[in-house]
Structures are given as structure tokens and as C-alpha cells.
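Once you have looked at the hints, place chain B on chain A.
There are 2 protein chains.
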Amino acid sequence: MKILILGGDGYLGWPTSMFFSIRGHKICAVDNFVKRKIEVEFGVQPLSEIKNLHQRVKAWNAKSKNKITYKVGDLLNYRFLDKLLEEFRPEAIIHYAEQPSAPYSMGSHEKAVFTQYNNVIGNLNLLFAIKRNCPKVHLIKLGTLGEYGTPNIDIEEGWLNLEHNGRKDRVLFPKKPGSFYHLSKVHDSANIEFACRIWGLRSTDLNQGVVYGLYTDEIAADVENLSTSFHYDGIFGTFINRFITQMVSNNNLTVYGKGNQKRGFLNLIDTLKCVEIATKNLPDKGEFRVYNQFTEFSSLNEIADRILKVGKKLGYKKSKRVNVPNPRIEMEDHYYNPKNTHLLSLGLKPIKFDEKEIIRNIKFVEKYIKNLDKDIFEAKIKWSLK
Amino acid sequence: MKILILGGDGYLGWPTSMFFSIRGHKICAVDNFVKRKIEVEFGVQPLSEIKNLHQRVKAWNAKSKNKITYKVGDLLNYRFLDKLLEEFRPEAIIHYAEQPSAPYSMGSHEKAVFTQYNNVIGNLNLLFAIKRNCPKVHLIKLGTLGEYGTPNIDIEEGWLNLEHNGRKDRVLFPKKPGSFYHLSKVHDSANIEFACRIWGLRSTDLNQGVVYGLYTDEIAADVENLSTSFHYDGIFGTFINRFITQMVSNNNLTVYGKGNQKRGFLNLIDTLKCVEIATKNLPDKGEFRVYNQFTEFSSLNEIADRILKVGKKLGYKKSKRVNVPNPRIEMEDHYYNPKNTHLLSLGLKPIKFDEKEIIRNIKFVEKYIKNLDKDIFEAKIKWSLK
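So the protein sequences, as listed, match chains A and B.
If you're matching positions, the first sequence starts at 188 in my numbering and goes up one per residue.
If you're matching positions, the second sequence starts at 188 in my numbering and goes up one per residue.
No lab work stands behind these hints, which were simulated from the structure alone.
Since the model is a prediction, treat every value here as computed from it, not as a measurement.
Please note that the accuracy of each hint is not assured.
Here are the computed lysine to any residue pairs in the SDA-like style, where the Cα-Cα straight-line distance is at most 25 Å [to be verified]:
#1 A:Lys363 x B:Glu343
#2 A:Lys472 x B:Asn339
#3 A:Lys323 x B:Glu343
#4 A:Lys318 x B:Pro514
#5 A:Lys323 x B:Val300
#6 B:Lys270 x A:Trp570
#7 B:Lys536 x B:Ile209
#8 A:Lys355 x B:Asn524
#9 A:Lys355 x B:Trp346
#10 B:Lys472 x B:Arg319
Far from chain B, by Cβ distances over 10 Å, these chain A residues were calculated [unchecked claim]:
#11 Glu343
#12 Asn488
#13 Pro525
We put the CB at the ideal spot given by N, CA and C, even for glycine.
Extracted from the complex, chain A is given alone in its bound form (with noise of 0.2 Å):
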């Protein structure tokens, strides 16, 4: 299968590549870079260093015998998008190519605009392009579950079966975003529904869970040359690496706020699971399709204790956790019931976020210690925007 990873630099981006790569698809992976552009402007950097795209391409074809080809483009350029579509003739887009940090979005007023701007007009010309060149691809689109926000109700895989005065509708399901980032997806998806349905396209809507972990059998052939990022700051940092930095380097974890707040996540090998079972799964013309994407979730300060529980066993004995001031907006006490039925029956086997993945996390960690910039951890931007 042809498919084109847009993103294809980024934390999941490019372990996709290699993923698909090595099944015998012909990948074509594109990025602008914008993610490396503000990981210098807000001076945060991953904990092992990563080697940029021409590099990990390069590395990856003198090994490989199926070669991954790139483009280094951007989607708001809409002609090289088009040109990109018509050349290129993919069956299948996998499309992470989004500005991804939510703090980053609520930094200021630029950075909230560029957000909205890069991500909805960015998957909008892409759904023209796709329209002009290619319309019955399989758009695969990734979304997050922080799009649905904390509702006292079941969260329904984007759809919502809905009795209202004794009548029946199916409805997208209402959603309630936590910053102006998750606002850039919900509108992307609405866009791509609203195209599904004016014009037959295809499209699967991923809404995921944080994302942990950092070995694929791809990365771990060639750790030094094809590694993916390990964020452990206040912009790009997701908890998990942050709680698991923070006691490797004999730091408080730092739990946002009360801690109740529960999350759902799942390991970097499942993603690609994901997203492998949404390729092979084409929508129906016109079809709308809407998986949510995690494995587990709990509560912040349950994973905190998840992890200083088996810290303790390899000697890390001087953190605790802590609960700071809440740099978000949200909710600290909720009901969370998220479905995530699709995948599995679509034959998801879950890894589970236990001792012995958490201790690959802190072998990681502990390899590349020497790195820490310790001062990146704190959340420096706060959604009240004083």
C-alpha cells in the first residue's frame, strides 16, 4: 500500500514510517518541522538526542531493504500539497502534522493563532488536495481523547446514539476541548465529517490517549540512528516521562492540581497496532469512522504511585509526589468512562503500562540522565494567561 505520513519527523511520525516500511508498504513521509523550530525557541530539547529526518532516512534505506522517501514541505503551502497528492497517488494518509503541544497553544495570542491556523487550515487544504487528487484514500487523521474533555457521561467513540423528547438521532459526539490546541482538532474534525459527507471521502478519526514509550523493534535495531523523542519539559513533555525524569534525577514528581484528573494512554507499539488495524479497516464511501485510541487510564496521582512504587524497588527512594498549583483550566474531580471497544475488537492486544514497561522507561531514562536540563520540567505557561 502507498501511504504518506504527514508528521513524518515527529515522536509518532516516524516510528509509523519504519513501521509501515518494513511490512512492505511504500512510505513517503513529509514534515516542515515546525516542532524542532519551537523546541528551540522554548529551549527545550528530548532527553537522548535525535537525529533530524534526512539522517534517520538515510540511516534507516542503507539498512532497509524497503527505502522510506520524504518531502520537507508544509501544508499550508497548498501546491506543494496538491503536486505532493498528484504525484505521490497514496492509498492511505496517516496525518499527525499538527502543531501538538496544548501549553504551547495557550502561550500567548501568536501562539494560539498559529495553533488554530496551522492545524485547521493545514487539514483543510489537505481535504481539498485529497479531494482533487485522490478522494477515495483513506484519511487517517489523529486526534486526542483531551478533545472530549471530562463529561459526567460514557464518552462514546465520536458518535453518540441520543434520545431527546422521544426521538432518536446519531450525533457527533459533544465535546468540550481544553485549550486552544484540542479547540484546532475538534474543528479539524468537524471539517473532515462535514467533507465525508458532502463529498464520499473516507476518513478515520483517531482521538488518542498520551502516548509512552520509546522502542519499537524498528528503533531498537538501531537506537543510536533511529530513536524517536523522549519530552520531558512543560511544552511537548507528556506526565509519564515527566514522573519518570523527575524521580530518575532524585526530583518530586509534579503532579498538576489535586491529581484525580484521569487520563487515558497507551504504549508508542500500540499506536502503531492502531494504526495499522485503522489501514486495513477502509471506511465506506462517505463514512465518518471515529476510534478512541488508548489502552488504560487512571488518575495522575495514581500513575505517580505506579511509578514511585517500582522506582523504589530499583532504589529510587528520595522522591515523592507532590501536588503543584494546576498551570490548566480543568477539572480535578470528574467521572471519566472513555470507550475504546473498536480496537479491541478489531483484535487490539493491549501492552499494559506495568512494572516491567515502566522499568524500560527507567532504563532509558537513566541512560541518558547526563542530558537533564532540569529547569524545562516546570510548566511555565499557565491557561489563565495573566
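Chain B only, in chain A's frame:
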């Protein structure tokens, strides 16, 4: 009250400016004339010549003791907007300043992108400028009933109390917009709801039906200089204006598709009264309030028939209703029950689209029928975008 009217040169913006000015409010009207530019691009124009904003303000200020001030500027220019709010310090902002045509937004890739960029980023700029300069201001934002689409359930006013699997929540009403224009309004509302939730802004979102009518008291006092626009074309025209103009010019009334599609509508004077009611009811800090703003709803066929029936009495006997291929992609047979109880309970006394009102509109069209360009009746833009 100091009221900023964004989109002050528009069909609604200009009558709104005079309506509040004569009632003693201090008005600043702002426009970037994007609609006038699109008129020129497509070669469409209102049936009666409309003076430009400079001329209309001059004519108004020459006779009124309450002067209107105005600024030429664009919401996409954040420095302009920020300075405007800093200097004028409005107590209410009535925001009409968006690309208002659904067909335009479906005309091409560039037009869809322009619509979403102009509307979403302009509105986002406004939210940040409000946050910085006047966070207590009442933002009154005009949306449309078309955002909801035609769900199989009653359309509540913006929010929905729902029960799902035995649990309850109050959520934003799930919308199914019918064009990239309508989508832009949905995105706006989502961004505004978030800004209210996070920053404590106050907003009333008015989801309005199709507006008809030409004469407010202020316009009637000086029709030559103070009139607002009457569009009957395929870009900015409404079906009511098109039907009346087709009848007066002895053409058939072109109803899109089966004509069983239902639309909400209201008189221009009722729009002004609704906006006035909104200004008198300040939402709480952090409240995102939604009113559905229409006074009647009917199918397209019913409205055409109503107009034809009145026309017959005046001697228009040649025209009949013809159902033409629908340029839009929409359900042509559907349940429709939008609620509008909020504005009625706050005192709105609706003007009906009855014989008297229809005759008023016919008389207007007769007066200017010499200006007719019947080539612009046709809906040249198709939703399918072949």
C-alpha cells in the same frame, strides 16, 4: 452604553448601528468591506444602490444628535483590533464581521480557506483583544440556525441536557453544519465557549434564521441615504428576496430541490430587537449563553406559495413555483423543530411574514426593479464542487 459594531457596513450591521445610536448609545461601527469586494468579484449587487459607509455615516450624523463614529479595519489585523478596544472601551460588542455567504465558502479551495481563516482567526483575535482590554464586555456574536443542520431531534438553544446510560450532563448542542461557512461559525462558538469557561468572558451567541426586510424606522426616515442592502443573487441573496424579485420580474420562483427543506426566518426589525434584548441581559462572568433567533419556520415550498398567493392579489399571475436541481447537498425531507423560547420569554413580539409584510417587500422590489440583473438569480456554485 458604548457599543462596538463589527461588520457595521453590512445588511444587519448598518441598521444595528443606527438603531442603537438613536436610542442614545455611543456607537463605533467597524468594517473591512470584504463583502463589497466579493460583490465586485462575482458581479453581484444589491437591487437598490447602497451608499458606502462614509456616506451613510455622514448622512446620519448630519441629521441625528447622536453621532456614529466608524473605523475602517480588519479583525485579522490584531494591532488594529487591540488598539480599537483599548481606546473605545466598549461595554458591548456586536460581532457581525464575518464572511457571510455559504455558497461563497463552497466555491473553491481558496474561498473555503478564506472563509474559515477570516472568520475563525478574526474571532480568535477578538477574544484575545477582549481578554486584554475589556474582559467584562458583553460579546454578542451572530451565528446561524444553519449550524445545527436538520437533526431528527428538537433543536434546543445551544445547550442540551442529555441522559446517556443513566447519567446526565449539559453539553453544547451537537451540530451538523451544512457548509464551510456554517462550520466556521461552529468553530467560532466552540472557541468562544472555551474563552468564557477559561477566562470568565461573557458572551451571547445568537443562532439566527434568514433575515428579510428593508425598513427600520431609521431607514424609512431617509431611504435614499440610509438604506441597507437587498441581495437576491446566488451568493448573498436569501430565498425570500430571490422569490419576491423573481415574481415581480415575472420569472418563476426557483426552489432548490424538493423544497421540503425547512428554514427559520425573521424580520430585520426583529433582529434588531433581539440584539437589543441580548444587550439588556448581561450573562454572568464565564457564561456562554445561546439564543435561537427566529420567529417563524416553514419549508421553502410553503414560503414560495405564500409569496405567490399575495402576489396574485397584486396582479402577479405569470410566475409559478418550479423546483430546480439543488446546488446544495442537504436533506430535503426532515424533521425540524428549533426552539426559540428564550427571546420570546424576554419580551420579543414577533412580526409575522404575512400579507402586509410581503406587500411591503414587493413594493420595495417594484420600486427598484429597473436595476434587476436576472443573470445573478442562478446558484452557480454547487456543493459537489465538480
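Structure-based check of all given hints:
1. A:Lys363 x B:Glu343: Roughly 18 Å between the alpha carbons, so the hint for Lys363 (chain A) and Glu343 (chain B) holds.
2. A:Lys472 x B:Asn339: Measuring from Cα to Cα gives roughly 23 Å; hence the hint holds.
3. A:Lys323 x B:Glu343: Given that 25 Å is the threshold and the Cα spacing comes to 36 Å, the pair is violated.
4. A:Lys318 x B:Pro514: Holds, at roughly 18 Å.
5. A:Lys323 x B:Val300: 22 Å, holds
6. B:Lys270 x A:Trp570: 24 Å, holds
7. B:Lys536 x B:Ile209: 21 Å, holds
8. A:Lys355 x B:Asn524: 13 Å, holds
9. A:Lys355 x B:Trp346: Given that 25 Å is the threshold and the Cα spacing comes to 17 Å, the pair holds.
10. B:Lys472 x B:Arg319: 16 Å, holds
11. Glu343: Since the minimum Cβ distance to chain B is about 8 Å, Glu343 (chain A) lies within 10 Å and the statement is violated.
12. Asn488: It holds; Asn488 (chain A) is separated from chain B by about 23 Å at its closest Cβ, greater than 10 Å.
13. Pro525: 13 Å, holds
This entry does not satisfy hints 3, 11, going by the numbered hints stated previously.
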